[in-house]
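Number of protein chains: 2
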Amino acid sequence: MASVGYVKAQQMRFEQDLPLQSGAVLRDYSLTVETYGTLNADRSNAVLVCHALNASHHVAGVYEGQARSEGWWDNLVGPGKPLDTDRFFVIGVNNPGSCFGSTGPMDTNPATGQPYGADFPVVTVEDWVDAQARVVERLGITQLAAVLGGSLGGMQALCWTLRYPDRLRHCVAVATAPNLSAQNIAFNEVARRAIVTDPDFHGGHFYAHGVVPKRGLRVARMIGHITYLSDDSMEAKFGREMREGGIGYSTQDIEFQIESYLRHQGDKFSEYFDANTYLLITRALDYFDPAKQHGGDLTRAFQVARDKKFLLVSFTTDWRFSPTRSREIVKALVDNRVDVSYAEIDAPHGHDAFLLDDPRYHGVMRAYFDRIADEPVVTA
Amino acid sequence: MASVGYVKAQQMRFEQDLPLQSGAVLRDYSLTVETYGTLNADRSNAVLVCHALNASHHVAGVYEGQARSEGWWDNLVGPGKPLDTDRFFVIGVNNPGSCFGSTGPMDTNPATGQPYGADFPVVTVEDWVDAQARVVERLGITQLAAVLGGSLGGMQALCWTLRYPDRLRHCVAVATAPNLSAQNIAFNEVARRAIVTDPDFHGGHFYAHGVVPKRGLRVARMIGHITYLSDDSMEAKFGREMREGGIGYSTQDIEFQIESYLRHQGDKFSEYFDANTYLLITRALDYFDPAKQHGGDLTRAFQVARDKKFLLVSFTTDWRFSPTRSREIVKALVDNRVDVSYAEIDAPHGHDAFLLDDPRYHGVMRAYFDRIADEPVVTA
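From first to last, the protein sequence lines are chains A and B. Quick note on full-length UniProt numbering: the first sequence kicks off at 1 and runs consecutively. Quick note on full-length UniProt numbering: the second sequence kicks off at 1 and runs consecutively.
One should not assume that every hint holds.
Since copy identity is lost for identical chains, a pair holds within one copy or between any two.
Claimed, not checked - With a cut-off of at most 20 Å between alpha-carbon atoms, the simulated SDA-like pairs for lysine to any residue come out as follows: (1) K292 to H264; (2) K8 to G23; (3) K214 to H202; (4) K292 to I247; (5) K237 to S250; (6) K8 to H362; (7) K292 to Q257; (8) K292 to R360; (9) K292 to G248; (10) K292 to T316; (11) K292 to G246; (12) K237 to R325; (13) K331 to H202; (14) K237 to G296; (15) K214 to P199; (16) K214 to G203; (17) K214 to V196; (18) K292 to V330; (19) K237 to A9.
The hints are simulated quantities; they were obtained by calculation from the structure and are not laboratory data.
Generate coordinates for the entire structure from the input sequences, incorporating the hints supplied.
In structure tokens form, the structure reads like this:
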């Protein structure tokens, strides 16, 4: 299957304040956006793709002259792919607070003339959805055919149906949850402590010191990575395999291949990811809890989304956002007699499965997007 | 039920080198030991209790004048308790490399006159068992009634049956595994990286700098703690409960109760646990793999223990050392037609369950130790 080919990101500047859930506002910000495919005449074929922690607006295609620059969901999005850019106009938006082009902690705080650092306002899933809604508006789209996301992106897709139910027809939420469990929050908190207690963090104002809290970022990424993979896939891929040369009786050198892999992941991540962004995004994950304002009743939370259509997908070996969590969402939707499809894919790869191209998974996605493309659009 | 009451630790000095698996030797070392109950006339009622990461020789009883000084397995060991000190003579030994009295990284290296620090020789489960065997010998005991341990202690109990099969009759191994999985090693490695990359670690020679790598120890303990608890028990105990005052929109302050709990655990641990000991003990866990020298065949590994008797216990919600791992051991024993009892306890507390006094669990332990106490001892 073909790729969408060379793509270019565009910068959209917003001079109107973005009011945030915390009561703060984000002033004079810009968002980085990519689009693929062609918006049709009645502007009814747009699909917004929401990203998770370590991704961006760059969903598909490659950048000219940049080797290995494939978008993070390139296997799903493109001409002839499950989310077919010959039929859909696909939009990727980098969320504010991220570190891939949109206004974030490393940018200048207009109030101080210095980088925001730790003073970047705390953003929530709701805030991101509000920011995305402005992008969609600016693109001249009144109603999205669908909002799609995996993991934290799935939370944003769900949030769209609650916040802007009139502005989308379908929600496709993959490997996600109605909120984080205590264990999920616990892993986030350990990662944050690793970053915040790194002496190079300087209370979040490390830019001014010309350093990066790489030690903390490495540990944070290593912890995260363990939770993305299933126990079984880690066992199958690494098991107890040792480095070449066998046992070296060392507590600090690499002895097992899994150690080498994790250290490599940590090192890579610490080279490009912003520490303040890590804190912000994990906090947005922690806070997301649409049932909360309905006394913990998820069914009541989804009442407002009653005439939307949903696809939920989960993966059997995902212990970060297990199928049980997706089933909670499905139950709340069924309680509301919502049109919901649910696929539980028997895949060995854990949470990471949502980024891979398992044929059963992609088959489900293709069928669902084909249905969206084929259905008649009733314009109001 | 009564406690064993006031207890005192004793120091045993060993001038004969302890040869280690690595090829190094431990010179002129001492081990801290406690005993409870009375050794009977034919010296047949001794039970050795092996400790895991964060425990010691202080298995039961309290220290006079020290509040809250109960031994770590006080609910199991005492007069009338499942491991009944009215019938058994119970021995606790602090393993070398630990930080609770036996020779460890903070002690003086006789070769340099400086604290060992990172130069303390890497010790293995086999080395610990060898050290314990010398203690048992010095106590004048030719054959132990049983060796008991949970988690890493269970590995030591298993190792006794392979290394000194003639010196024990029973092995009681709780919440343990025949080796660590890739995921287990991964968690250990992240914890070690947090410690080693803490600037206060100074390559393991922090004693000379008058500092302690507390940041790393805190993160290590927080990670460990997540793996000791079950997802469900964390959910039941903390869920998404927030600190008093509700949401504060902060990435660095405590927002959720689970964060407060984990930080507290990390802080406490960093006050008393030695960073080099943490590295050593997690490495001993990583290395333990009795099947390895038999081409990965655990059944062949246990051939030598064919006439021993075993009790294995696991807990349904233990995801660190899941029942599956205990069943691997049971299978290897059954393959060898060994006398093995196995109990899988439906307990909600995860790995920590082995330290709690679930009545079904303690019922199984009591029944098994009663059987040991009642069986005739055939002296060779």
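To see whether the hints hold, each was checked on the structure:
1. K292 to H264: For K292 and H264, the Cα distance exceeds 20 Å both inside one copy (39 Å) and across copies (27 Å).
2. K8 to G23: Close neither inside one copy (34 Å) nor across copies (59 Å); limit 20 Å.
3. K214 to H202: Result: close both inside a copy and across copies, 12 Å intra and 17 Å inter.
4. K292 to I247: between (51 Å within a copy, 12 Å between copies)
5. K237 to S250: Neither: 23 Å inside a chain and 38 Å across chains, both beyond 20 Å.
6. K8 to H362: The answer is neither: 26 Å in one copy and 65 Å across copies each exceed 20 Å.
7. K292 to Q257: between (43 Å within a copy, 16 Å between copies)
8. K292 to R360: Neither: 34 Å inside a chain and 37 Å across chains, both beyond 20 Å.
9. K292 to G248: Between. Shortest inter-copy distance 15 Å satisfies the 20 Å Cα cut-off; intra-copy 52 Å does not.
10. K292 to T316: This pair counts as neither: shortest intra-copy Cα distance 27 Å, inter-copy 31 Å.
11. K292 to G246: between (52 Å within a copy, 12 Å between copies)
12. K237 to R325: between (27 Å within a copy, 19 Å between copies)
13. K331 to H202: Cα proximity of K331 and H202: none, with 45 Å in one copy and 53 Å across.
14. K237 to G296: Between. Shortest inter-copy distance 17 Å satisfies the 20 Å Cα cut-off; intra-copy 40 Å does not.
15. K214 to P199: both (10 Å within a copy, 12 Å between copies)
16. K214 to G203: For K214 and G203, both the intra-copy (14 Å) and inter-copy (18 Å) Cα distances are at most 20 Å.
17. K214 to V196: both (11 Å within a copy, 13 Å between copies)
18. K292 to V330: The answer is within: 17 Å in one copy meets 20 Å, while 46 Å across copies does not.
19. K237 to A9: neither (35 Å within a copy, 46 Å between copies)
The structure fails hints 1, 2, 5, 6, 8, 10, 13 and 19 (numbered hints given earlier, in ascending order).
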